[in-house]
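Heads up: the protein sequence lines correspond to chains A and B, in order. Just so we're aligned: 467 in the numbering used here is position 467 of the first sequence, and the numbers increase by one with no gaps anywhere. Just so we're aligned: 205 in the numbering used here is position 205 of the second sequence, and the numbers increase by one with no gaps anywhere.
Treat the hints with care, as some may be off.
Calculated cross-link-like contacts (lysine to aspartate or glutamate; reagent style EDC-like; alpha-carbon spacing at most 20 Å) [as the list claims (entries may be wrong)]: (1) A:LYS183 / B:ASP94; (2) A:LYS312 / B:ASP94; (3) B:LYS122 / A:ASP314; (4) A:LYS134 / A:ASP449; (5) A:LYS312 / B:GLU118.
What follows is a list of derived Cβ distance ranges for each label pair [claimed, not checked]: (6) B:ALA67 / A:GLN233: 53 to 61 Å; (7) A:ASN152 / B:GLU66: 32 to 40 Å; (8) A:GLY39 / B:SER133: 37 to 45 Å; (9) A:ALA432 / B:ALA67: 54 to 62 Å; (10) A:ASN94 / B:ASN149: 45 to 53 Å; (11) B:ARG62 / A:GLN90: 54 to 62 Å; (12) A:GLY71 / B:SER133: 39 to 47 Å; (13) A:VAL334 / B:VAL18: 42 to 50 Å; (14) B:PHE129 / A:THR175: 28 to 36 Å; (15) B:ARG220 / A:SER416: 22 to 30 Å; (16) B:LYS10 / A:ALA363: 34 to 42 Å; (17) B:ALA67 / A:SER83: 48 to 56 Å.
Here are some chain A residues pointing at chain B (derived, C-beta under 7 Å) [as the list claims (entries may be wrong)]: (18) GLY319; (19) VAL321; (20) VAL438; (21) LEU453.
Quick caveat, the hints were computed from the structure, so don't treat them as lab data. Just so you know, even glycine gets a beta-carbon here, dropped at the ideal spot from N, CA and C.
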Amino acid sequence: MNSETIINLVKDWRVALVLLLVIGSLIGIYLAPPSPEKGLEGNLQFGLDLQGGSWLQMEFQSVIVAYATDGSVGDLIENLQTSLEADVIQIDENHLEIRKTVSRAELEPLFAASDASIVTYQKGVSPFTADEVKRILSEKVNALGMQDARINLLTPTGSEYPQYVRIELAGVDMTTAQEIVGKQGLFEIRVQTTGNQTEHVLFGDQITSVGTPQRDFDGRWGVSFSLTDAGAQAFREAALSSGAVDNPNAHNLVMLLDNETVYSAPLDANLAAQLRSGPVRSLSASTGTGDSGLEDAMTLEIHLRAGALPVKVDIVGSGSVPAALGEQFKMTVVIAGLLALLTVGVVVYYRYREPAIVLPMLAINLAEIIILLGIARFIQQLDLAAIAGLIAVVGTGIDQLVIITDEVLHDGRVPSPNLYMKRYGRAFGIIAVAAATVFVAMLPLALMDLSTLRGFAIITILGVLIGVLVTRPAYGKIIMAILSK
Amino acid sequence: MEIARYDINKYSPRQMVVLPLVLLLLAGIVLGYTTLTTGLPLTPGIDFAGGTAVTAFTSDSRETIEATFAGYPLLSVGEGIGDGKYIQFGPMEDAQYRSLVELINERYPDAKIDQIGETFGKTLQGQAFLALSFSFIGMAVVVLIAFRNLVPAGAVVLSAFADIAITAGVMQVIGIPLSLGTTAALLMLIGYSVDSDILLTTRLLKRKGKLDEKLSGAFRTGIIMTTTTIAAIAAMWVVATAGQIQIISEIASVLLIGLFIDMMNTWMLNAGILKEYILRSGKK
Chain A
1 MNSETIINLV KDWRVALVLL LVIGSLIGIY LAPPSPEKGL EGNLQFGLDL
51 QGGSWLQMEF QSVIVAYATD GSVGDLIENL QTSLEADVIQ IDENHLEIRK
101 TVSRAELEPL FAASDASIVT YQKGVSPFTA DEVKRILSEK VNALGMQDAR
151 INLLTPTGSE YPQYVRIELA GVDMTTAQEI VGKQGLFEIR VQTTGNQTEH
201 VLFGDQITSV GTPQRDFDGR WGVSFSLTDA GAQAFREAAL SSGAVDNPNA
251 HNLVMLLDNE TVYSAPLDAN LAAQLRSGPV RSLSASTGTG DSGLEDAMTL
301 EIHLRAGALP VKVDIVGSGS VPAALGEQFK MTVVIAGLLA LLTVGVVVYY
351 RYREPAIVLP MLAINLAEII ILLGIARFIQ QLDLAAIAGL IAVVGTGIDQ
401 LVIITDEVLH DGRVPSPNLY MKRYGRAFGI IAVAAATVFV AMLPLALMDL
451 STLRGFAIIT ILGVLIGVLV TRPAYGKIIM AILSK
Chain B
1 MEIARYDINK YSPRQMVVLP LVLLLLAGIV LGYTTLTTGL PLTPGIDFAG
51 GTAVTAFTSD SRETIEATFA GYPLLSVGEG IGDGKYIQFG PMEDAQYRSL
101 VELINERYPD AKIDQIGETF GKTLQGQAFL ALSFSFIGMA VVVLIAFRNL
151 VPAGAVVLSA FADIAITAGV MQVIGIPLSL GTTAALLMLI GYSVDSDILL
201 TTRLLKRKGK LDEKLSGAFR TGIIMTTTTI AAIAAMWVVA TAGQIQIISE
251 IASVLLIGLF IDMMNTWMLN AGILKEYILR SGKK
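Make a model of the complete structure from these sequences and hints.
This is the structure we're talking about:
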């Protein structure tokens, strides 16, 4: 091949596109942003099994029930709460979130007792609750200065509601991971006595339940919470002895989480009056109007729970990989990949015995892998399963290059450009159908939340797409230029 | 290569389809029997049945490991090349699991541990079943649209089905459990198997020329295709198995079995049906 053919080849948009994408991918992996300290890995993101760390998969102990009733919803909720001893929350006009694992059969008589019936029953929590769990978990993780944490809500296919939350912490062992998730802060309520002095009222263990942010008649956001009898008693005594009941504005109530003030406000006049006559168990802390009020209320709710999740969670799966083992796996998969490429090279050489065909084949395959990694760097972390997908793509990739080569080289004769294009078109037809099937076959796995094999499916699909749209057309061009020399 | 010397034109369509159909029947019996006795067509692995899997690198012998974990529901101890060990436990209570983790951390601090709860495993099972069904239906629709002809498309779908069923049968016989990894491999097989089937069908139906020549041409290309794939997967299997990367090793072994089964199904079952179809429609 002389330099003129090479220039013409590069000018062809198919070949140029491959070159551009390879360069772009290399820039994405190594230069944007530059990461010399990571060596060959560049900016690729690795999954836990390759970088070391722990994962926990937790199931929400909660069900969502669609109900129908002629009576009052408030009564229904009230009855459910007392008989189940669990929080029950109305999430929209006909759905209740029952924060307890309870079967449909157990619920039915309870609903019937309130003149209501169950329309649908599903495990899970409302998206709102799920987001809150996610927020609390992120807050806990961030508080410990860990950046490399992934928290994902998972909805099983066929269900509308998130049922699991999966947390992945890089570089953390299992015991620490469980501690982080289970750890609760120390919540305390104090009352201002004189000046800036405060006095202890109660700790977070006296709080029995915490509501979700709600708006009162004046449009102010607030979070309601209930106290135990002892807590309510302590609260009343402190309010009376400190003088908060008589002069609320001079005696703020202060809430602290791990000794940091998270809320401070005077006693409400109505409440002060109620406290005079007796203890009050249900309280509400208001945070103000508008979006900022809502935001503060949401944060306060988390603080009131002292880092406890609104819904109980059960660990249903967990795992950990020590960093050293991850490193070893990384080396192993690199060897596996190189060996796969090499064996494939030997096999195609055995078949064609023509470097002019074999080398472009391998080069195109390599380009495909680089482009794949370049895209994956932005959308998909590489875990062991994803790497298996990558190697599987090498297999299919070469497959299809063989189809093109054999189709074009029919009878060993080099065809005229016209005939060439016709044959290439036919080969491409085969490839396109094959690619469509792989795409369809892997799609369910790629879309399913629960599979840890999403990486495998996504890499395979991407590989097939890059193959059909970018690298196979380029290979067709290159092989034509080589054959017609 | 021995296989390449097989003369695909020597046999009648009837002879060609006998072996795959017999194997399909046998696989059906194996899977059916397992379903009747256990409720599932394949023995589920830890992903689906719940349990704990541990990958450790230790010079301890299998006996030592078995003795160490005697108080736990130990299922199996697998050995790789070098010191790699793959230890599996059945589902256990939370407290027992915690003490197991402590024991592992003490004995083998560099071990990889994965645990799946029993009910969660059930959920995963259901999801995997959904994925397999959707994949298969999707594949059948694509093939039907591509060929718009019932017999050739049916042959492709049948041979893809035979691929999965026979591979699953072989898995059950040699003891590869059904896990997330092997489910993914079975799905991948749907994609792989259709590759060579489509090549065969396109060559035979859309090219002009003598049937015998087209068939042996397609066969030559098809065999080299599957061989390259087998080569890549074999390399992956060897390295992953030696390095105790269980999930890749599982995916690779199922793909390897599947690719060999696929060679048979494509060039005997699918080719046989297609040949009969072409011969019949030619006589008209």
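Query raised in the report: Which numbered hints turn out to be false for this structure?
Result: none
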